[in-house]
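As they're listed, the protein sequences go chains A and B.
The opening residue of the first sequence carries number 8 in the numbering used here; numbering runs sequentially from there.
The opening residue of the second sequence carries number 8 in the numbering used here; numbering runs sequentially from there.
Keep in mind that a hint or two might mislead.
If chains are identical, the list can't say which one is meant, so a pair holds when it fits in one copy or spans any two.
[Claimed, not checked] Dumping the calculated EDC-like pairs for lysine to aspartate or glutamate here, alpha-carbon to alpha-carbon at most 16 angstroms: (1) K46 x E96; (2) K16 x E35; (3) K46 x E94; (4) K46 x E35.
These aren't lab readings, by the way, just hints derived from the structure by calculation.
2 protein chains.
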Amino acid sequence: MYGLLGRIKAVAGQRDALVALLLEGTGEMPGCLSYIVAKDNDDPDAIWVTEVWGSRESHQASLQLPAVRAVIPRARPLIAGFDNRHETEPVGGIGLPA
Amino acid sequence: MYGLLGRIKAVAGQRDALVALLLEGTGEMPGCLSYIVAKDNDDPDAIWVTEVWGSRESHQASLQLPAVRAVIPRARPLIAGFDNRHETEPVGGIGLPA
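The task is simple: from the sequences and hints, build the whole structure.
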């Protein structure tokens, strides 16, 4: 498995709009095992996205999906920056397909 | 929903043992919607744990579960420290119960 986690800082006041866009892009993503969008409780502009994919390749391929490509230019003006980006190897737990 | 994410640094050479213990403690946790254990790709001692619970209370209650309480004293000597702890409000995505 391949994992990604990171924080997105929204432009002030645009977090909810950005959250909605991020969720809109996640309809059909082959190989995506988990993709959770969460608001940071301590920063009113910050969003955490935590992802688990079957492989690094399935994540890469998702970036070419029409639904994902359609969201990117709409999301960009709402994003102030990214930080805390980490690549991981998920090992197991709850909330992944058996 | 209530979310937690954070990084655990294992004592050098003990990451795999600590991962196994963390997964052992996750058998039956009422209200736990997602609990994913992942190895950091850039730090051979680091583990990310990302959690989603139905509520803050269900997370609190889990700390009293016998299986969780049994794991804590066994895990402690394998842990060098914690960092990057963040509380979140998960909003949706893939890998959560509908």
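Run the structure past the numbered hints and jot down the numbers of the failing ones, going up. Numbers 2, 4, in rising order.
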